[in-house]
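Given only the sequences and the hints, what does the whole structure look like? Please build it.
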Amino acid sequence: MFLSGDVHRSELTKIERPGLYALHDLTCSPLTSGVYQDDKLKVRDNLVAGTVVLGERNFCRIRVEGSRAERRLVLSSITADGKAQWEHTITAADLGAEYRPPAPKPAMAASSAAGAAK
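Position 118 of the sequence shown, counted from 1, bears residue number 118 in my numbering, the numbering being contiguous throughout.
Heads up, some of the hints might be wrong.
As the list claims (entries may be wrong) - Ranges of calculated distance between the beta carbons of each label pair, as one might list FRET restraints: (1) Gly50 x Pro101: 34 to 40 Å; (2) Leu47 x Pro106: 45 to 51 Å; (3) Arg61 x Val35: 17 to 23 Å; (4) Ala103 x Val64: 19 to 25 Å.
For the record, the hints were derived by calculation from the structure and aren't laboratory data.
Don't be surprised by glycine CBs; every beta carbon is placed ideally from N, CA and C.
Take a look at the structure:
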């Protein structure tokens, strides 16, 4: 996940990479500066459908949800007055990630524990 901004529009793009996980870029701006309007930006190959925000002040929210085994990233764009514009979820499975419990910590050897006590 890449985060970018300062282009006076918001959008989510996704680049598919055969054999690898997709790359996502959340571009988010502006909340307080001027806005940009160019309808040609609404149609591009790597855009996630419905995520382009042009000509309107907004901010983006990123939430991490779910148990370790079902982790997901929830991205959303919200207007300056608090109304949701769009929401998109990326799951760990979307990235090809599979939950693996943490490996147990190795036990300290008796000799190193005794040496540490000195």
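These are the hints, each one checked on the structure:
1. Taken as a hint, the range 34 to 40 Å holds for the pair Gly50 and Pro101, whose Cβ atoms sit roughly 36 Å apart.
2. A beta carbon spacing of about 47 Å between Leu47 and Pro106 agrees with the range 45 to 51 Å that was offered as a hint.
3. The given range of 17 to 23 Å is respected by Arg61 and Val35, whose C-beta atoms sit roughly 19 Å from each other.
4. A C-beta distance of roughly 22 Å is found between Ala103 and Val64, which places it inside the suggested range of 19 to 25 Å.
Going through the hint list in order, the structure satisfies each hint without exception.
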